[in-house]
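Peer 1: Protein chains in written order, with UniProt numbering: chain A, 1 to 560; chain B, 1 to 560.
Honestly, the hints are just simulated from the structure, not real lab data.
As the structure is a computational prediction, the values presented were derived from the model and not from experiment.
Beta carbons are placed, not taken as given, at the ideal position from N, Cα and C, and that holds for glycine.
Only true hints are included.
If you anchor each label on the Cβ, the simulated ranges turn out as follows:
hint: 1; chain 1: B; residue 1: E136; chain 2: A; residue 2: T408; range: 30 to 38 angstroms
hint: 2; chain 1: B; residue 1: P85; chain 2: A; residue 2: S151; range: 36 to 44 angstroms
hint: 3; chain 1: A; residue 1: G449; chain 2: B; residue 2: S151; range: 46 to 54 angstroms
hint: 4; chain 1: B; residue 1: E102; chain 2: A; residue 2: T408; range: 53 to 61 angstroms
hint: 5; chain 1: B; residue 1: S151; chain 2: A; residue 2: K176; range: 16 to 24 angstroms
hint: 6; chain 1: B; residue 1: R430; chain 2: A; residue 2: A395; range: 45 to 53 angstroms
Here are a few chain A residues that sit away from chain B, every Cβ distance over 12 angstroms (derived from the structure):
hint: 7; residue: K260
hint: 8; residue: K298
hint: 9; residue: V391
hint: 10; residue: P429
hint: 11; residue: I454
hint: 12; residue: D515
hint: 13; residue: V542
Protein chains: 2
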Amino acid sequence: MVMCLRLPSLTSSLFSPATTNSLRLSPAFLRRWRGRYHLQPPSPLLASASFSSQRTTATETSNEDRADGNSKSRLNNNSDRVITPLSQDFNAWYLDVIANAELADYGPVRGTMVIRPYGYAIWEAIQEYLNVKFKETGHSNMYFPQFIPYSFIEKEASHVEGFTPELAIVTIGGGKELEEKLVVRPTSETIVNHMFTQWIHSYRDLPLMVNQWANVTRWEMRTKPFVRTLEFLWQEGHTAHATPEEAENEAIQMINLYTKFAYEQAAIPVIAGRKSRVETFAGASKTYTIEAMMGDRKALQAGTSHNLGQNFSRAFGTQFTDENGQRQLVWQTSWAISTRFIGGIIMTHGDDAGLMLPPRVAPIQVVIIPIWKKDEDKPGVLNAASSVKEVLQTAGVKVKLDDSDQRTPGWKFNFWEMKGVPLRIEIGPRDVASNSVVISRRDVPGKQGKVFGISMEPPILEPYVKDKLDEIQSSLLRRATSFRDSNIVDVSSYDELKIAISKGKWARGPWSASDEDELKVKEETGATIRCFPFEQPQGIKVCLMTGNPAEEVAIFAKSY
Amino acid sequence: MVMCLRLPSLTSSLFSPATTNSLRLSPAFLRRWRGRYHLQPPSPLLASASFSSQRTTATETSNEDRADGNSKSRLNNNSDRVITPLSQDFNAWYLDVIANAELADYGPVRGTMVIRPYGYAIWEAIQEYLNVKFKETGHSNMYFPQFIPYSFIEKEASHVEGFTPELAIVTIGGGKELEEKLVVRPTSETIVNHMFTQWIHSYRDLPLMVNQWANVTRWEMRTKPFVRTLEFLWQEGHTAHATPEEAENEAIQMINLYTKFAYEQAAIPVIAGRKSRVETFAGASKTYTIEAMMGDRKALQAGTSHNLGQNFSRAFGTQFTDENGQRQLVWQTSWAISTRFIGGIIMTHGDDAGLMLPPRVAPIQVVIIPIWKKDEDKPGVLNAASSVKEVLQTAGVKVKLDDSDQRTPGWKFNFWEMKGVPLRIEIGPRDVASNSVVISRRDVPGKQGKVFGISMEPPILEPYVKDKLDEIQSSLLRRATSFRDSNIVDVSSYDELKIAISKGKWARGPWSASDEDELKVKEETGATIRCFPFEQPQGIKVCLMTGNPAEEVAIFAKSY
Numbered sequence: 001m002v003m004c005l006r007l008p009s010l011t012s013s014l015f016s017p018a019t020t021n022s023l024r025l026s027p028a029f030l031r032r033w034r035g036r037y038h039l040q041p042p043s044p045l046l047a048s049a050s051f052s053s054q055r056t057t058a059t060e061t062s063n064e065d066r067a068d069g070n071s072k073s074r075l076n077n078n079s080d081r082v083i084t085p086l087s088q089d090f091n092a093w094y095l096d097v098i099a100n101a102e103l104a105d106y107g108p109v110r111g112t113m114v115i116r117p118y119g120y121a122i123w124e125a126i127q128e129y130l131n132v133k134f135k136e137t138g139h140s141n142m143y144f145p146q147f148i149p150y151s152f153i154e155k156e157a158s159h160v161e162g163f164t165p166e167l168a169i170v171t172i173g174g175g176k177e178l179e180e181k182l183v184v185r186p187t188s189e190t191i192v193n194h195m196f197t198q199w200i201h202s203y204r205d206l207p208l209m210v211n212q213w214a215n216v217t218r219w220e221m222r223t224k225p226f227v228r229t230l231e232f233l234w235q236e237g238h239t240a241h242a243t244p245e246e247a248e249n250e251a252i253q254m255i256n257l258y259t260k261f262a263y264e265q266a267a268i269p270v271i272a273g274r275k276s277r278v279e280t281f282a283g284a285s286k287t288y289t290i291e292a293m294m295g296d297r298k299a300l301q302a303g304t305s306h307n308l309g310q311n312f313s314r315a316f317g318t319q320f321t322d323e324n325g326q327r328q329l330v331w332q333t334s335w336a337i338s339t340r341f342i343g344g345i346i347m348t349h350g351d352d353a354g355l356m357l358p359p360r361v362a363p364i365q366v367v368i369i370p371i372w373k374k375d376e377d378k379p380g381v382l383n384a385a386s387s388v389k390e391v392l393q394t395a396g397v398k399v400k401l402d403d404s405d406q407r408t409p410g411w412k413f414n415f416w417e418m419k420g421v422p423l424r425i426e427i428g429p430r431d432v433a434s435n436s437v438v439i440s441r442r443d444v445p446g447k448q449g450k451v452f453g454i455s456m457e458p459p460i461l462e463p464y465v466k467d468k469l470d471e472i473q474s475s476l477l478r479r480a481t482s483f484r485d486s487n488i489v490d491v492s493s494y495d496e497l498k499i500a501i502s503k504g505k506w507a508r509g510p511w512s513a514s515d516e517d518e519l520k521v522k523e524e525t526g527a528t529i530r531c532f533p534f535e536q537p538q539g540i541k542v543c544l545m546t547g548n549p550a551e552e553v554a555i556f557a558k559s560y
Numbered sequence: 001m002v003m004c005l006r007l008p009s010l011t012s013s014l015f016s017p018a019t020t021n022s023l024r025l026s027p028a029f030l031r032r033w034r035g036r037y038h039l040q041p042p043s044p045l046l047a048s049a050s051f052s053s054q055r056t057t058a059t060e061t062s063n064e065d066r067a068d069g070n071s072k073s074r075l076n077n078n079s080d081r082v083i084t085p086l087s088q089d090f091n092a093w094y095l096d097v098i099a100n101a102e103l104a105d106y107g108p109v110r111g112t113m114v115i116r117p118y119g120y121a122i123w124e125a126i127q128e129y130l131n132v133k134f135k136e137t138g139h140s141n142m143y144f145p146q147f148i149p150y151s152f153i154e155k156e157a158s159h160v161e162g163f164t165p166e167l168a169i170v171t172i173g174g175g176k177e178l179e180e181k182l183v184v185r186p187t188s189e190t191i192v193n194h195m196f197t198q199w200i201h202s203y204r205d206l207p208l209m210v211n212q213w214a215n216v217t218r219w220e221m222r223t224k225p226f227v228r229t230l231e232f233l234w235q236e237g238h239t240a241h242a243t244p245e246e247a248e249n250e251a252i253q254m255i256n257l258y259t260k261f262a263y264e265q266a267a268i269p270v271i272a273g274r275k276s277r278v279e280t281f282a283g284a285s286k287t288y289t290i291e292a293m294m295g296d297r298k299a300l301q302a303g304t305s306h307n308l309g310q311n312f313s314r315a316f317g318t319q320f321t322d323e324n325g326q327r328q329l330v331w332q333t334s335w336a337i338s339t340r341f342i343g344g345i346i347m348t349h350g351d352d353a354g355l356m357l358p359p360r361v362a363p364i365q366v367v368i369i370p371i372w373k374k375d376e377d378k379p380g381v382l383n384a385a386s387s388v389k390e391v392l393q394t395a396g397v398k399v400k401l402d403d404s405d406q407r408t409p410g411w412k413f414n415f416w417e418m419k420g421v422p423l424r425i426e427i428g429p430r431d432v433a434s435n436s437v438v439i440s441r442r443d444v445p446g447k448q449g450k451v452f453g454i455s456m457e458p459p460i461l462e463p464y465v466k467d468k469l470d471e472i473q474s475s476l477l478r479r480a481t482s483f484r485d486s487n488i489v490d491v492s493s494y495d496e497l498k499i500a501i502s503k504g505k506w507a508r509g510p511w512s513a514s515d516e517d518e519l520k521v522k523e524e525t526g527a528t529i530r531c532f533p534f535e536q537p538q539g540i541k542v543c544l545m546t547g548n549p550a551e552e553v554a555i556f557a558k559s560y
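Put together the whole structure using the sequences plus the hints.
Peer 2: Structural data, given as structure tokens:
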């Protein structure tokens, strides 16, 4: 089986075990791996059903309440709570959060997902940041067709039958059986190279650096909203260079950009590093990855950048004439981040109350809740709330005023906490009288996170809110980093590794053993090498498996 | 056949003749129409071949020149000119411009298109404008899956066989024949309504106003880059309302927004109006359209907004509980603009020299060409050019400095003219000495469009350039408006209409005749009613066909 199609895949753990970095895997290995794959319990089907139809979603709750004229929310009532506690069942919690916060819903076709406005707005925040950075680093957006002739895949894959289970195939077009079947793109390296051969002629056409924002389709058997869906959205960058050094620099530049994005925007302290040979996507010379620790301590591969070497240019004949008039194959990279990242944000920061969003990717950074009991207080409170909204909006803060009559303030508190809004501003009659507001942090529960008497005056309120948002952003990163670090165990033997993994932790230890040893670890513990981190400890290293000298430590973990 | 699937279609002329605004067309009519459709000559195949492989593209030219060490451009040499003159063969000119300006290329699958960075940047300009406006008018972006169960289509279409020729169908997924075939979305009304039924419960959930930026697939037989491709990019808005008035207001609001966009950003003086019953998309109560006159005087339907009434909510049971506790069907709209619009920009403004872009949608608004002969002049000239670039960039102007050594200034002049860049700044040693630049307008050829001695000083240069760009923007709109108006003939009889159409013009005249009469006009002249324009002349009107009183004038034209 040729793995090259999924080079920028974000779902490595299920697909990546390649015994070499060449383009081929033995059919025997594949059968074994596929076999294991299909032995997985059909839990996602159950989850799917409960997610889309059996569970009570927030919307449904609202409408029942409304129909009942019951303004007291079920969310206020712990016994009625619709979000499964995180500690009780992480997967159920995850699906509950997605449903209740209206991030996504299941589509009518198994394994597909509708990204709802609140979830899509997180994707837009990701896009806005990355799109600017891609352009700053010299990439242009463009668009390649999603239908790829089946022969392109075959060109890449002599063991195409190993791949077929992953493909959606169009066989009928315009009412007729097609002469050549069309693959709905699972990734675009093949079609990109087909086009590159037409555009690249001389060294002056290099580097060629493009990106596309697109949908891709992979026929996954086990699906999970955002993390692994039949169709997902991503960006895929594709570049061609004249020298291997340039391609390597590009691959490193892009994984560094992803790392910076994860830390600074998503407050996710990913560990960046190089994949092992076994985990390197076949077709790539090197795969770089960012690995994030989720709330259940499983690893999520959150972005990858591949140095493809000349593997694709060789398969497609992507050549250029160098300065000496010689024809040469180009050196290439590809790199991707997908809507999976949204799953990473949910599973990094969320808590029992629901979603918790880092301010820089939050669709709503501040929610204003006006509070009144007597009708005579209402106009003053709403008036003050509107001016506060105006002030913050003008200052560039993403702010929402929830002034609906339908809900109690308490219901609204819980609702917007569940939606992960970083900061809440409460304004009641007494606040109006004292020209001040109450501000509560989503990340610090209860009274500890609540500050009274912040002046409504713009010169005071605006910087206060912005500072608080920055503080929350830092605090989320700090908390996630501390959680991550307290769950990584340094190990110096295989026994220690096994204990760490069995406790659900990540194991970090020196590694210079064989690919077979690595596969044995996976077989026996369920953990894989997530990466050889770029940041390596100093000192002499001894392989935890063999006792031989080792150059690097590796990180082992179970993963999504 | 049910036409509802193509409600927001931008390709009405080929598909729209519906005899009623109900959901059904007679099979006999369909057969007739399909029959005619397939009788079209297979010219696009030829065009396709010549576009992607036989014609010499600009890139190829460049590289040949480079390989020859021939710095004198072929574009400088009229006998070698690769762009067919517009007046000689409009279609060949169009394909040449697209190839030479590197806007797009054919994909490997017939009828698909690769949108290259320069073309995609125009799409990004369109997106940036519309996306902001959509949000300002209360719409949220989201994403629906592209795979639609075939049964959804059947639910809508008892005459589904009439539609099948338009669909790409996935029959294999995960290596297996699928139990239910999946349609690759040609538009999303069906899946949108399927989801809306799950999200809409009470009047408080309305209006629900969403939009998605997505790819769509229609298995077109006759394709043309941008104008009609097998896969294209678009935005599709979908809204649900509690009352018919709200839906009507929304449909009107969105066609007005498209009109404003066309005039103010794309400098295209579209005529906005209502489609005739025959041309209204079945499934819509009313279809509003913007119709643009291309350089060959054919009409291009450049955007549509549909008041869908309750047709889809009836088919899918999309209901809400009103304030009195009664269940009611929602009222809906949908509206779309696609990458077809880029074709409209090319065919509205281009001339024999190539593309001509309105500054507000131009990826590059100003190109700076440094000019030197003696090596000693080079540093001074490049230095001045860089500071000018810096000044303009800081001022928010999209500017490119073409400082390559590979080409003569003359070649660069022609190249960037062909790419449609609105303004060129030339800087030579004498300009450096006098601290000034030479500025040339793309829309005013030769010396007339050239101004010498504009000071390089930022306080002078920056407003000068911005004013010039505004002037060009207005000038392009003025020119297109005058072209449009001089090619619309007021007619008061069918004979006058026939003469106008036979001269390639648009005919405008009072119309209150039957659908059969309208189809007769199409049959006999090839022209269709493009719209009943919103702007109607005053006075008594007599139907050009029947002599009966008429309420409105209609515009007839041949169209893409």
